[in-house]
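Participant: Chains as they are written, first to last, in our numbering: chain B, 401 to 504; chain H, 401 to 504; chain L, 401 to 504; chain V, 401 to 504.
Just so you know, the hints here were simulated from the structure itself, not pulled from any lab data.
All of these numbers come straight from a predicted model, not from anything done at the bench.
Do not take every clue at face value.
All copies of an identical chain are treated as equivalent in the list; a pair is satisfied when it fits inside any one copy or across any two copies.
Straight-line Cα separation of at most 25 Å, DSS-like style, residue types lysine-lysine; simulated pairs [unchecked claim]: (1) 424 / 466; (2) 466 / 484; (3) 424 / 484.
4 protein chains.
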Amino acid sequence: MSVLLEFAMFPTDRGESVSQEVSKVIEMIRESGASYQLTPMGTIIETDTLEQTLALVQQAYQVLEKEGCQRVYSSLKLDIRPGKDNRLAGKVASIQDKIGDVNS
Amino acid sequence: MSVLLEFAMFPTDRGESVSQEVSKVIEMIRESGASYQLTPMGTIIETDTLEQTLALVQQAYQVLEKEGCQRVYSSLKLDIRPGKDNRLAGKVASIQDKIGDVNS
Amino acid sequence: MSVLLEFAMFPTDRGESVSQEVSKVIEMIRESGASYQLTPMGTIIETDTLEQTLALVQQAYQVLEKEGCQRVYSSLKLDIRPGKDNRLAGKVASIQDKIGDVNS
Amino acid sequence: MSVLLEFAMFPTDRGESVSQEVSKVIEMIRESGASYQLTPMGTIIETDTLEQTLALVQQAYQVLEKEGCQRVYSSLKLDIRPGKDNRLAGKVASIQDKIGDVNS
Numbered sequence: 401m402s403v404l405l406e407f408a409m410f411p412t413d414r415g416e417s418v419s420q421e422v423s424k425v426i427e428m429i430r431e432s433g434a435s436y437q438l439t440p441m442g443t444i445i446e447t448d449t450l451e452q453t454l455a456l457v458q459q460a461y462q463v464l465e466k467e468g469c470q471r472v473y474s475s476l477k478l479d480i481r482p483g484k485d486n487r488l489a490g491k492v493a494s495i496q497d498k499i500g501d502v503n504s
Numbered sequence: 401m402s403v404l405l406e407f408a409m410f411p412t413d414r415g416e417s418v419s420q421e422v423s424k425v426i427e428m429i430r431e432s433g434a435s436y437q438l439t440p441m442g443t444i445i446e447t448d449t450l451e452q453t454l455a456l457v458q459q460a461y462q463v464l465e466k467e468g469c470q471r472v473y474s475s476l477k478l479d480i481r482p483g484k485d486n487r488l489a490g491k492v493a494s495i496q497d498k499i500g501d502v503n504s
Numbered sequence: 401m402s403v404l405l406e407f408a409m410f411p412t413d414r415g416e417s418v419s420q421e422v423s424k425v426i427e428m429i430r431e432s433g434a435s436y437q438l439t440p441m442g443t444i445i446e447t448d449t450l451e452q453t454l455a456l457v458q459q460a461y462q463v464l465e466k467e468g469c470q471r472v473y474s475s476l477k478l479d480i481r482p483g484k485d486n487r488l489a490g491k492v493a494s495i496q497d498k499i500g501d502v503n504s
Numbered sequence: 401m402s403v404l405l406e407f408a409m410f411p412t413d414r415g416e417s418v419s420q421e422v423s424k425v426i427e428m429i430r431e432s433g434a435s436y437q438l439t440p441m442g443t444i445i446e447t448d449t450l451e452q453t454l455a456l457v458q459q460a461y462q463v464l465e466k467e468g469c470q471r472v473y474s475s476l477k478l479d480i481r482p483g484k485d486n487r488l489a490g491k492v493a494s495i496q497d498k499i500g501d502v503n504s
């Protein structure tokens with residue numbers, strides 16, 4: 401089973417720049433050992449079960465709660481396919497193959 | 401604490417109409433006893449903890465898994481405020497009050 | 401054609417409460433004459449073409465730009481069906497009918 | 401001005417795999433000359449104005465309309481900062497710098 405999560409989670413009570421708070425969330429994800437990829441708009445994580453994915457979302461909030469954030473916003477997308485795995489690299493490669501692009 | 405979740409979750413392997421599968425997810429939410437509101441683009445749920453919210457997301461997927469769905473997509477938004485409650489009705493009322501609208 | 405848009409757009413440089421800025425966006429939508437519905441997590445708009453929808457998104461940003469916002473975040477969902485119309489009321493009624501619920 | 405858009409747009413009337421339709425959307429984006437990055441969950445585009453961004457969203461739908469898609473779903477996120485530019489590379493580098501990561 402492949403569960404892909406794309407998510408951004410950030411405080412909205414901290415002003416224009418939130419990279420310090422976001423960095424602590426990313427550190428937690430890195431330390432969790434999950435497969436992940438940073439993007440300019442969020443973090444993409446692949447796990448084998450939805451339980452694992454949702455546990456990381458919970459831990460991400462706990463990081464921000466510990467920072468004292470009084471309002472937290474998060475936007476998330478899930479793409480779940482029971483019969484697949486290793487899509488973190490595979491999905492982009494499949495599109496690049498179709499459009500004849502080896503570099504982007 | 402008030403955790404607002406807006407989410408849509410649906411199979412993408414079932415063709416143009418998915419209202420049958422979506423109805424089963426809504427029934428599960430209704431039976432859970434959580435405060436919720438149906439909208440034309442998803443369901444909004446308010447709970448007191450993020451754990452409760454994420455447990456409902458897990459159960460929503462289990463409903464679709466039981467239906468045999470081979471690909472499930474979900475888009476979710478969270479708005480979490482530790483020091484608030486009862487925002488399911490309150491947020492819209494606050495905006496309507498500001499724009500002088502009692503009916504929309 | 402029915403284009404449903406669910407969207408939230410708000411400044412992230414204004415602190416915990418943004419209901420004042422959001423109210424001005426809602427006022428603009430109300431004055432546009434488009435069919436819309438406020439929810440605790442955003443606004444749902446139905447138009448006949450995607451052009452109309454995207455023009456409203458552009459105008460929503462202009463409202464916040466005029467307020468001097470230095471960082472604006474928006475999360476949007478589109479559900480587009482060429483052969484349908486009047487889904488702002490119809491989608492919820494269809495689900496309620498399936499789950500035997502006339503009041504929620 | 402930097403407008404970052406993260407978006408996924410896909411037909412829901414075509415069954416489990418939609419990589420053929422999605423590839424045509426990506427080809428259009430590549431040919432537009434906009435700065436973009438493919439991810440396993442969507443495409444991230446950076447433009448100098450919101451008008452340019454929304455024009456690409458419109459064109460993406462036109463690609464799927466031409467393919468005869470009868471239902472199209474899209475999820476989008478915008479991060480708009482008037483006083484910034486070149487964030488497609490910069491945002492990830494800033495986070496990696498903070499967490500002491502040069503490779504991920």
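Participant: Identify every previously stated hint that the structure contradicts and give their numbers, smallest first.
Facilitator: none
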